[in-house]
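*Asks:* For reference, the chains in residue letters:
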Amino acid sequence: MARSQVRQPQKPPIDAWGAGRLGLIFSLLFRYGPPRWSQYVRKHWAGKRLVIGVPFLWLLMFFAVPFVIVLKLSFSEVRLAMPPYAPLIERVSEMAYAVNVNLGNYAFLLSDPLYASSYIYSVKVAAIATFFCLLVGYPMAYAIARSAPTMRSVWLMLIILPFWTSFLLRVYAWVGLLKTDGLINQALGVLGLGPYTMMYTDFAVYIGIVYSYLPFMILPLYSNLEKHDLTLLEASADLGAGPIKSFLRITLPLSFPGIIAGSLLVFIPSVGEYVIPSLLGRSDQLMIGRVLSDEFFANRDWPVASAVSIAMLLLLVVPIVLFQRYQNRELAGARR
Amino acid sequence: MTERQGNGPVDRTNEYVRIEHVTKRFGDFVAVDNVTLSIFKGEIFCLLGGSGCGKTTLLRMLAGFEAPTSGRIFIDGQDMADTLPYERPVNMMFQSYALFPHMTVEGNVAFGLEQEKLPRKEIAQRVAEMLDTVKLGELARRKPHQLSGGQRQRVALARALVKKPKLLLLDEPLGALDKKLREATQFELINLQEKLGVTFVVVTHDQEEAMTLASRIGVMDRGEIVQVGTPTEIYEYPNSKFVADFIGSVNMFEGRMIEDEPNYVRIQTPDLPCTIYVDHGISAAPGATVWAAIRPEKIDIEREEPAGRDNRARGVVRDIAYMGDMSIYLVKIDGGKMVRVTLPNSVRQLSERISWDEPVWLTWDASSPVILTQ
Amino acid sequence: MKSQSWFRRLALFFGFAFLYVPILSMIVFSFNNSRLVTVWDADDSPTLKWYRQLLENEQILGAAWLSIKVAAVTATGAVILGTLAGLVLARFGPFRGRTLLSGMTTAPLVMPEVITGLSLLLLFVFLEQLIGWPQGRGFSTIVIAHVTFAMAYVTVVVQSRLATFDDSLEEAALDLGARPAKVFFRITLPLILPAILSGWLLAFTLSWDDLVISQFVAGPGSTTLPMVVFSKVRLGVSPDINALATIMVTIVGLGVLLSAIWMRRQERRLALEMQMAKADK
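Residue numbers (my numbering), protein chains in the order written: chain A, 1 to 336; chain B, 1 to 374; chain C, 1 to 281.
Do not take every clue at face value.
Said to hold, decoys possible - In silico lysine to any residue, SDA-like type, Cα no more than 20 Å apart, as pairs:
1. Lys-278/C with Lys-337/B
2. Lys-143/B with Lys-232/C
3. Lys-278/C with Arg-312/B
4. Lys-278/C with Ser-367/B
5. Lys-48/A with Leu-139/B
6. Lys-332/B with Arg-312/B
7. Lys-337/B with Ser-249/B
8. Lys-232/C with Phe-167/A
9. Lys-182/C with Gly-47/A
10. Lys-135/B with Lys-278/C
As the list claims (entries may be wrong) - From the structure, some residues in chain B lie toward chain C, with a derived Cβ separation under 10 Å:
11. His-21
12. Asn-91
13. Leu-147
14. Glu-305
These aren't lab readings, by the way, just hints derived from the structure by calculation. Backbone N, C-alpha and C fix where the C-beta goes; we use that ideal spot for every residue, glycine too.
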């Protein structure tokens, strides 16, 4: 691992603005450098420990520990008390402790078809919505990546702009559009079509997810497509392949990493989505985010809600690990 | 006792930097391999080598940015083992200059002094003096992006020198400059060094730069120091084919020693019909394979057949590169080898000069070839 | 390739139409006199009555004010913690727990919010039992929750900025005698300030906009704006919400536009100065 002897030429501060401007997902795809300071601070270990310690302890306390609590709670019984669950270890008398481990919550999950169907439904909806998001996002990312370099940051800014306005309000906007007497049906009515029932359907949820998560799909795709070597396409044309063939055989395969990154970024949070199905989705078939919320607030069954969470996490572990691994590979491979 | 060879005085009694059996490993890769080296006070020492040879790693170990995997480094008698970069009496001029973009020229130069907690008046005075020395007095308030490449380099230099370090490390100092500027800066650097008396260690891959700047050169290859010496020593007395080939150009003849006497040696080579006669003895096993290295400027071109049996070859001029002050001739000798010869254009008349496709004789002095055994 | 540009233009046109038509329709109908948000009452529109109603709505104003406070505190806290975490991950060598820290800072990016919200509420309840704090849930619990998930985003922004940062600048500072802390505050921080600022804005927006986590960890008396909007919107469309949306979009739009103009001007000035410098020797 010989390190390059030539130092990178100094970049003007414009770069910082560039990274700040294009938002977090874009910056996710930058290269990460190797750590260097450890040897310099070996003498100042106290300071180093402080710097590491503060965020570490915070996250440990407010991110990791809560999960442990959720896990523990998923093994408890529900009680008519405040808080509404039995503690794991309870003092029964002077010398006796009772350990209340209840696997019943998980048994309940498995037995009641509501949960299994909700999980499957959530995954299905998330997957289909991710696919549509890809269909909408890919052409846009491609168009921006192939447009004039000066215009690219403008387009990207216009993509990110809605992201800075309220997520909730943007989903709300679709309520007005998708209603039976809403704008879309009105427009279709002019053409003599419809009216179609679009609210409170799977279709509405798809639109909601695609609309809200589009930037998360476009940015990784753009980042990948922008790096493509266009001379490859010229070579392909030179060898006799038409534009469509060139796209299918060259551009598309090369953009797989971007497709995967964007898809994971959309799919994983969509599975647990709450707002979009609440405002636009069906009431006869709930997504798992709503189920969890109902269990918790409506039924006051905290242990079951916890069990639902753990099960959801287990479901998502594979995609999350995939995402982390993909990210690490990007970082390692991209480093000079 | 000082001797002046090359550039700058070399006080060989005052060993200032000692690098003792230093090795640096990155995982399995050995960047610096058991290097032992002494650098003397007040000299300009050049580490010369191609990319990947370990010279920059060695420099960074002197600066403190890397710690040796094994071995020790002494600066002015002190072991630098646990000393961090900001504690060392060493300053570095980076290849990219590394000027702080958000500070003015003044701010950049003053930065190092501010870390020493000197009174503000003294800092201002020393900064002003140093800027005058590097002729940047008028640009003190500018920011780095408002300066040209040459100006930035002088800021980097001023910033490092204003702290009066014991040792100044320069990483490819002239690499980013164009040719004219490079020549001018080379001499400026030497003058500056003489004036301030600071010990310089320069890392470069450019042999011209090394030859001009250095009082001594250390040639590196694959992590090892292959030869240390003044520019003259390196050029005229290389100790290996690698060094002979690396510095300047050279004609290499591979052959066998057929006569080995204390005061002369005769070498037979398939490249030449005659033998090479060298007027000094060398230590090598009889019958061993040796290489005779002859520099292009040591070879003479003649139209008439020269006297004597050895140290000559007949050939035809195949190519001429006209450089203005001299010309490089590529001569194909009998046997097929291409020999490179340089001649000053001491005669103005074009008709008098050797021309293409002319049959010529090459000849050289018995003291000219350097015999190499490795 | 002519067909290429035709395809490109169509893709961009439909794509941006898809993105912006809903927003534009919301804005337009905020001026509609009729309560039916989708039928344009031509006689009495356009009107500002919904804006007036909005500005008289104590509940919404109170919630908005709370959200602003929460967002500002969150953003500041997230920036401090996120910058530290980003610095550690980008610059420090391997240490025990590094993978854990790295995982904990990226997990919130993809974790479904219901899970994060639930887990934090449970933590607060548990803590209250154990040590008596927090007493009920309110401002502080919301802020803690928001900081926890917002700092993940700031970490990513800072980490990536530090990666493209020329570290020979830091080495030069060390070489000139500055200790690591000094180097950070005098060299690194000023130069990554733009990234930190954008991180602050990002954290602010995330906190301001958050619904799910707030629902879990808020208490009686601490209702954020998204919570109020959500409960209204669940029941159907409501034009004063359109008015709210218009106000927000306008503010954001102006902000982005102004910052883009300002940055363009900076870039141009910088480029000009560099050109002039090349001219001297």
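*Asks:* Work down the list of hints and note, for each, if the structure agrees.
*Replies:* Consistency of the hints with the structure:
For the given pair, Lys-278/C sits about 47 Å from Lys-337/B by alpha-carbon distance, which is inconsistent with the 20 Å threshold. Only pairs whose Cα atoms come within 20 Å are accepted, and Lys-143/B paired with Lys-232/C is rejected, the gap being roughly 55 Å. For the proposed pair Lys-278/C and Arg-312/B, the alpha carbon gap of about 53 Å is over 20 Å, so the pair is violated. The straight-line distance between the Cα atoms of Lys-278/C and Ser-367/B is roughly 50 Å, outside the 20 Å bound, and the hint therefore fails.
A threshold of 20 Å between alpha carbons decides the hint, and for Lys-48/A with Leu-139/B the separation of about 39 Å lies outside it, so the pair is violated. At most 20 Å may separate the alpha-carbon atoms for a hinted pair to count; Lys-332/B and Arg-312/B meet this at roughly 13 Å. For the hint pairing Lys-337/B with Ser-249/B, the CA-to-CA distance comes to about 15 Å; that is within 20 Å, so the pair holds. A C-alpha spacing of about 15 Å is found between Lys-232/C and Phe-167/A, which places the hinted pair at or below 20 Å, so the restraint holds.
Taking the CA atoms of Lys-182/C and Gly-47/A, the gap is near 12 Å; set against the 20 Å cutoff, the hint holds. Taking the CA atoms of Lys-135/B and Lys-278/C, the gap is about 18 Å. The hint holds against a cut of 20 Å. Because the closest C-beta pair between His-21/B and chain C is about 25 Å apart, greater than 10 Å, the hint is violated. For Asn-91/B, the suggested interface contact is upheld, since its CB lies about 6 Å from the closest CB of chain C, less than 10 Å.
Taken as an interface hint, Leu-147/B checks out: its beta carbon lies about 5 Å from the nearest beta carbon of chain C, inside 10 Å. A hinted interface residue such as Glu-305/B counts as satisfied when its beta carbon comes closer than 10 Å to some beta carbon of chain C; here the least separation is about 54 Å, so the hint is violated.
Hint compliance for this structure: hints 1, 2, 3, 4, 5, 11, 14 are not met, and every other hint is.
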